[in-house]
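Place chains F, P and U on chain D using the hints.
Residue numbers (numbering that gives the first Met the number 0), protein chains in the order written: chain D, 0 to 343; chain F, 0 to 343; chain P, 0 to 343; chain U, 0 to 343.
Bear in mind the hints are in silico, worked out from the structure with no lab data behind them.
Any given hint could turn out to be false.
With a straight-line Cα cutoff of 27 Å, these simulated DSS-like cross-link-like pairs (lysine-lysine) come out [claimed, not checked]:
id, chain 1, residue 1, chain 2, residue 2
1, F, Lys259, U, Lys11
2, P, Lys326, D, Lys259
3, F, Lys326, P, Lys11
4, U, Lys259, D, Lys326
5, F, Lys326, P, Lys332
6, P, Lys332, F, Lys332
7, F, Lys88, F, Lys198
8, D, Lys259, D, Lys201
9, U, Lys332, D, Lys332
10, D, Lys332, U, Lys326
11, U, Lys259, U, Lys88
12, D, Lys259, U, Lys326
13, F, Lys332, P, Lys326
Protein chains: 4
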Amino acid sequence: MIVVMQRGASEKQVADVVKRIETLGLKSHLSQGEEHTIIGVLGQTFPELQDILEGLPAVENVVLVSRPYKLASREFHPLDTIIDIDGVKIGGREVVVMAGPCAVESEQQLLDTARAVKAAGATILRGGAFKPSTSPYSFRGLGEEGLKLLTDVKKQTGMLIITEIMSPRDVDIVARCADILQIGARNMQNFSLLEEVSKTGKPVLLKRGLSATIQEWLLAAEYILAQGNDKLMLCERGIRTFETYTRNTMDLSAIPIIEKVSHLPIIADPSHGTGKWYLVPAMSAAAIAAGADGLLIEVHPTPDTALKDGAQSLSFENFRLLMDQIKPIAQVKGRGIGTCQTGN
Amino acid sequence: MIVVMQRGASEKQVADVVKRIETLGLKSHLSQGEEHTIIGVLGQTFPELQDILEGLPAVENVVLVSRPYKLASREFHPLDTIIDIDGVKIGGREVVVMAGPCAVESEQQLLDTARAVKAAGATILRGGAFKPSTSPYSFRGLGEEGLKLLTDVKKQTGMLIITEIMSPRDVDIVARCADILQIGARNMQNFSLLEEVSKTGKPVLLKRGLSATIQEWLLAAEYILAQGNDKLMLCERGIRTFETYTRNTMDLSAIPIIEKVSHLPIIADPSHGTGKWYLVPAMSAAAIAAGADGLLIEVHPTPDTALKDGAQSLSFENFRLLMDQIKPIAQVKGRGIGTCQTGN
Amino acid sequence: MIVVMQRGASEKQVADVVKRIETLGLKSHLSQGEEHTIIGVLGQTFPELQDILEGLPAVENVVLVSRPYKLASREFHPLDTIIDIDGVKIGGREVVVMAGPCAVESEQQLLDTARAVKAAGATILRGGAFKPSTSPYSFRGLGEEGLKLLTDVKKQTGMLIITEIMSPRDVDIVARCADILQIGARNMQNFSLLEEVSKTGKPVLLKRGLSATIQEWLLAAEYILAQGNDKLMLCERGIRTFETYTRNTMDLSAIPIIEKVSHLPIIADPSHGTGKWYLVPAMSAAAIAAGADGLLIEVHPTPDTALKDGAQSLSFENFRLLMDQIKPIAQVKGRGIGTCQTGN
Amino acid sequence: MIVVMQRGASEKQVADVVKRIETLGLKSHLSQGEEHTIIGVLGQTFPELQDILEGLPAVENVVLVSRPYKLASREFHPLDTIIDIDGVKIGGREVVVMAGPCAVESEQQLLDTARAVKAAGATILRGGAFKPSTSPYSFRGLGEEGLKLLTDVKKQTGMLIITEIMSPRDVDIVARCADILQIGARNMQNFSLLEEVSKTGKPVLLKRGLSATIQEWLLAAEYILAQGNDKLMLCERGIRTFETYTRNTMDLSAIPIIEKVSHLPIIADPSHGTGKWYLVPAMSAAAIAAGADGLLIEVHPTPDTALKDGAQSLSFENFRLLMDQIKPIAQVKGRGIGTCQTGN
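Excised from the complex, chain D in its bound form:
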């Protein structure tokens, strides 16, 4: 971090900034420009420090030079993180497909979907038991009953399970059932939830917030990593823009950026990213072409009767077509899809 003092800042004003930096346990280094005195801040800085220093008298500008996250950075951990869950490797050569219904509705619905997506090449089953909803009057998931169904279907199909967790209260019961704990976009900055989920030691998928920058997303990741859990993957699911045709705007550039600045695997969710099932195949292909390590896709036996997000869910047939379209793209990128499935 670098503090640029205003022209004509007095020696006392410079000294006050230096003192403030040192009070916070950091070091400083003065250098005298022709127009401005510049103070380098040495040590682990944080975004709020910028606000603090910009508020001091005679400070012109404060610049974040190094990234404010550390554990999530490629500099700290140069090699790709590969998360191995019972032999399924996320972040490796293989593109991992996670598919299933938005919400768990019944055993039949879940089991049928699991079998269909597995047959088409998916390795991990997604399904929500606790569902966020902007209205208290909407369907909010089957809750514990949904977790039970996920556990049952896992036994019957051998698929790994990813499901969302919304409250610190539910951490224990969800962690018993799930192989991957999903933090939803609205909870990206629910810092107490991040820490509780991290402590389970389970693999975590952290979705990008609705209007979060990549830096804020990686700082949220830092909360999880700082608790000692390094089995973390990120998920781009679209950000809020002025466009109304799509539910969100997928920021596919986040994929090569995360690959450059971080070691964490990056998953794409074109179902939430677009909100329209007929855009999902094109955006899945694009995500893989951009370098995604995996896809998270909503599939439902009968999208027209889904209790949630039917408009963005693929039918079994359309999911198979999608898989057929993306496999050759993955091959061009030197990657495989669905070739390393686990048992049953």
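Just chains F, P and U now, with coordinates in the frame of chain D:
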């Protein structure tokens, strides 16, 4: 809610939509336009229903006609809600000023500030014990020790206390100390927190989310009201825009809008709304001119050494000047400020 | 502007950056931090320079220290600019109200409105002859016929005229008729239009672009000032946000910010800023409380039959009520409204 | 368009809305819902009509059912538009690559680049003579001299030329030189420019505005088509979001959406879309995987010394690598790249 079918939709497709609506416990009403069949949905709808119906075959468009929130609406509750806390009335004739430090740092800091802001006309003391921070390496508040200091200073000054709550885990201890429980912008859609906080029965201040629409904000309010707690006030604290000069962009039009569509009191927070202390007086005056029922303002004995948000905190002297500037504006609006203080 | 080199940047890489800066006719100043070499850039910089330098090898970060606009800045011109048009002073003690129909429709409509708004205290008549429209099928104004009507009504009422100009082609005919040339939000970065309009030497009102930052707005102002025309005022008319209740979100904090960083008068347009006539009075009051030098308000004899923007136009009666509400606010701020009208 | 009246709207209020619709030359159709009277509007509507009708008494809501653009829609013109320029077909089976420097700087720079990009498979040479710049102090292009160089290099290489046009004033001289006239993002709603450019009859590339929705973009396209010029292609170049890592956020979902709702060819510009040359290859691959008909890419002999946008320009070598990476993606999609080059 109104469903517009595509031109040439078949009878079966229309019947399927009707069936879907009825499965959800709602009623429907068909009317035949010249180009489109239109289906009215009768009953308590919810935003997700729009997605569900838009996903059905041959549906052109689904329109939310009535507001998806009910308990928060002016139609449901035509008279202004006035929250009476030990004689301090929020939402009434008086403009209520809540002021104090961003974060509780020490007893001396808190007590000095409480006395200064009370003398200038503030009725409620703000101070954070649990502080959200985008980085795990930032200062995150004194926690329970901070709550203890708030309780002590309340005893010494007789001021009411407002403080933020960030986790369902902390509901009990915060509710014991605070007179108003604050839900921060990042938690506006932390639905499990909303419900837990509501159940305490304590007055709640709900901040608008960083990129939330007014409708989403009122739906979050609905979560609190639906648990039976009607002592709810809203707080506009700025939304995220492309502007970088300010920390956020205060949407002051939210004030007359809330007054029109809802019965809930509306508070303005120009400290977070701008991020710069020297903009706070002008925006406080503007908020009152626009009809705000109260202000939430950060004040610190020595803003330059504040552990958090010093750049947006007013000194005691500047807070006094601000109060002098806004009182005549309130008078023009037929309202008073600081004339009904409680004891000590 | 300050260039921060990466740790470990070679001497040659530093020298290359210095050379690049000097090629552009600017000077540089090296200073050696503990972790980073820092290069100060001296001379008149511009935003694109940041992109150029950030693209060079081993450059970590480039920081804009001083503002990239000069003529528009308060530093360059410490005193307030006051524009005097036939005795009406904009930017002085008086709050100037410009009111009238969105689009000129007929002589009767324009004359009736002019008389009504003048009687209520407006000094300048607004009315569009050339109207921007997002669709080629919408009403796009009466064109030259509209200009003729404006000229006629000016003669009959003695009011000054402000009207929008959309194409370099129309500069001559509009400048002959209008006292103030308005550049609309969609044309804020239509750089060739800015220059042509500036060359007329006529007073100009420059609206903020739909998603423009304050810095981009002031850089657009710089285009006009750099052509030698200093009779320039700015107009905040709302920016695009995610909120859908209002047409735009008025950024009232722009008012005290412009007052701080620039010498140019700042006008508020609550009609476009909200898009709803019933929000205009509250936002007008708030704008004056925040320090606006003037208001631009849409008024129509019969808003329900207006050819354009009826939803945001006030009736004569509602405009009179608004003027009654804002006068005492202006008084509190030590300003007058409508007390220095010109003749007839 | 459908107008939903408020509950309890009077017969007169309904009749007034109908009258207003008919005054505008449109027809209406009443249908009586159980709660609301609904008025269908028949005929060619336009977005502003929504504002007009929403402003009328007792109107609850106005809904755009059909798209407000016509000539740009797939319904109007079901087959793909293919633009044939001297044998180069845009919108056909071939993915067309347009490459070259951001700004024309010298004959040597332009000629070298033209030869390099042609050898690698580009068919069309891009190069700016008139450059938009947010600051009047930035480099703004060589102007007419730049056009002359483009004409010379076209003769020497046989490549087609695309260049930007910024002012109605320059239409004649640019149209004489260029094969494709480019409308930049900042001019997407410069309606007088759109019409002048259309009238040349030359092929036009229309970039999406910085914060434009797809509907606004297609309405701008409608301005060009309505003048009788149907040689129009669209270009996605990123939209403004809160993300700061990239210059803009590429909305790749716009590619399959345009393909679905319109017949116009869709080009992707990953150089402006990201602002960083090292993200261009991944986003080019993703754009083609999503279905883009072409790419617009900045290439410079020595990006580090480019007068404009060096940070997003590829070197010759990196452009060749990019072409190698995208060709197999195009093949997977059943398309070719650079196989149908014109002479010399």
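Quick rundown of the hints versus the structure:
1. Lys259(F) with Lys11(U): Given that 27 Å is the threshold and the Cα spacing comes to 25 Å, the pair holds.
2. Lys326(P) with Lys259(D): 58 Å, violated
3. Lys326(F) with Lys11(P): 62 Å, violated
4. Lys259(U) with Lys326(D): 23 Å, holds
5. Lys326(F) with Lys332(P): 12 Å, holds
6. Lys332(P) with Lys332(F): 14 Å, holds
7. Lys88(F) with Lys198(F): 21 Å, holds
8. Lys259(D) with Lys201(D): Measuring from Cα to Cα gives roughly 25 Å; hence the hint holds.
9. Lys332(U) with Lys332(D): 14 Å, holds
10. Lys332(D) with Lys326(U): 12 Å, holds
11. Lys259(U) with Lys88(U): Holds, at roughly 20 Å.
12. Lys259(D) with Lys326(U): 23 Å, holds
13. Lys332(F) with Lys326(P): Distance of about 12 Å is within 27 Å: holds.
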